[in-house]
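Top to bottom, those sequences are chains U and H. According to the working numbering, the stretch in the first sequence is residues 1 to 215, in order. According to the working numbering, the stretch in the second sequence is residues 1 to 215, in order.
A few of these clues could be false.
One copy or two, it doesn't matter: identical chains are merged, so the pair holds either way.
Taking lysine to aspartate or glutamate and the DMTMM-like style, the derived pairs with C-alpha atoms no more than 20 Å apart in a straight line are [unchecked claim]: (1) Lys59 <-> Asp124; (2) Lys128 <-> Asp185; (3) Lys9 <-> Glu43; (4) Lys128 <-> Asp107; (5) Lys17 <-> Glu43; (6) Lys7 <-> Asp46; (7) Lys17 <-> Glu60.
Because the hints were derived from the structure by calculation, they are not lab data. In this text the structure is predicted, and so the values were computed from the model without any measurement.
There are 2 protein chains.
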Amino acid sequence: MTDERRKFKRESAEARKEALILATLELVAENGVRGATVRGIAERADVTQGLIRHYFSSKEELITAAYEHHMTFMSDQTFAPASGVQGSALARLTAFVTASLTPPVVDPRAIALWASFLNKVQQDPQMKATHERTYAYFRDQLQALITAALEEAGRPAPPARLRQLAIACNALIDGLWLEGGALPDAFAPGELEEIGRQSVAAMTGLNLEQGAETS
Amino acid sequence: MTDERRKFKRESAEARKEALILATLELVAENGVRGATVRGIAERADVTQGLIRHYFSSKEELITAAYEHHMTFMSDQTFAPASGVQGSALARLTAFVTASLTPPVVDPRAIALWASFLNKVQQDPQMKATHERTYAYFRDQLQALITAALEEAGRPAPPARLRQLAIACNALIDGLWLEGGALPDAFAPGELEEIGRQSVAAMTGLNLEQGAETS
DNA sequence: CGCGTAATTATGCAAGCGTATAATTTCTCT
DNA sequence: AGAGAAATTATACGCTTGCATAATTACGCG
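Based on the sequences and whatever the hints tell you, model everything.
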């Protein structure tokens, strides 16, 4: 009954990679990119560190894969609800704002990941490209929704004005997202979304109402 | 002409501490807290690493001091312009919004520092206290300015409404601050402040105009 | 059922980390 | 000018890190 060699079970490459990526995201959120050590990740994923090198040629590659995974998840969670709405452009805009300010998009862990990755995103070209693509997509979608909703209301606006509105609404959503994630207990349930809808309404002159969902 | 012992000049404790803190902030902004190594900081401050231990009992203490220094700087830069305005509450609110969206408050390095420190801020009680104090002060000042400006305009609002307005305006400023710092070339000079003033105006119903400064 | 292959573990290495402490230099004071 | 004290440098230690490679185990396939 002394120290025996560790038992293990074989898993598919996809399952192992995903487990390693999820463990990586946990540790990056907790301790930053440099604090997420290969040994720590292996322990969290319940394997030994050597296995990481078997699936990822370096820690750098694992970090990049984890970032990509996270950004895809965030993007999906943000856009899925609005794309399910069949009604007016206004309803789609409302759903978009609401989804951006509701869990799991609003989440302390998402904020921590955003902050932890920022340095690396600005230095690594591949991560920078992923970031800018996701960000531009978000803002373009928002601007398109605002444009459509204004036209729908019979109040079209010139491109310069639409650009400013999109920047402002984007900033508002980002700021509320940040506050909600950083201080989860500072807001009552639904308060964040309500403030978001009211503020976007005030800035655009549109009337965003809740619960305009259609399946 | 071989390796001689390094020449040096004595400096005052305050000067050395400040130099070490500034070097620390540089490296933290570039590489994160864990990436800011004692050796790297010493090199950046043009001293040897042993000197750091002479002024700070640990790296932890140096990091904390650097964070405190940075937060004080940011707070000063944000509040100084508005406190110099003698005119109406509306003018002070305008100056406050403008200062929050102008360099050196809006700065890529400030964003990087904010992100780099976030993890440690959430774990270290002392840094957490510093952060929450600064943040609460910012939001309280903003809410007070909005309240005063609304009363001044003969349009007082109930506390719940004032709270929502402060949260929304705070989020907008945070978001614009983030975008301006993360994408410095995406905005024309003065554009960020203009969007900020217009959006706060739309949300509050007040008319924020530029250039209402009084010395 | 046993054999081969690939998944997984185990071990080791060189570099960098924060910290501790001894050796030396600079400056002030008389 | 010279001595004492403090600032600064130099060196070393133990630990952790990412990465490499050898040793073993699990499992599909004949």
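Q) Is the C-alpha distance from Lys128 to Asp185 at most 20 Å within one copy, between copies, in both cases, or in neither? A) The answer is between: 15 Å across copies meets 20 Å, while 32 Å in one copy does not.
Q. Is it within, between, both, or neither for Lys17 and Glu60, if the alpha carbons may be no more than 20 Å apart?
A. within (14 Å within a copy, 35 Å between copies)
Q. When no copy is specified for Lys128 and Asp107, does a C-alpha distance of 20 Å or less occur within a copy, between copies, both, or neither?
A. between (22 Å within a copy, 18 Å between copies)
(Q) I want to check one pair: Lys7 and Asp46. Are their C-alpha atoms no more than 20 Å apart within a copy, between two copies, both, or neither? (A) For Lys7 and Asp46, only the intra-copy Cα distance (11 Å) is at most 20 Å; the inter-copy one is 52 Å.
Q.
For Lys59 and Asp124, with the copy left unspecified, which applies at a CA distance of at most 20 Å: within, between, both, or neither?
A. within (13 Å within a copy, 27 Å between copies)
Q) Can you tell me if Lys9 and Glu43 fall within 20 Å by alpha carbon in one copy, between copies, both or neither? A) Within one copy only: 15 Å inside, 48 Å across.
(Q) When Cα atoms must be at most 20 Å apart, do Lys17 and Glu43 count as within-copy, between-copy, both, or neither? (A) The answer is within: 14 Å in one copy meets 20 Å, while 40 Å across copies does not.
Checked against the numbered hints given earlier, this structure breaks none of them.
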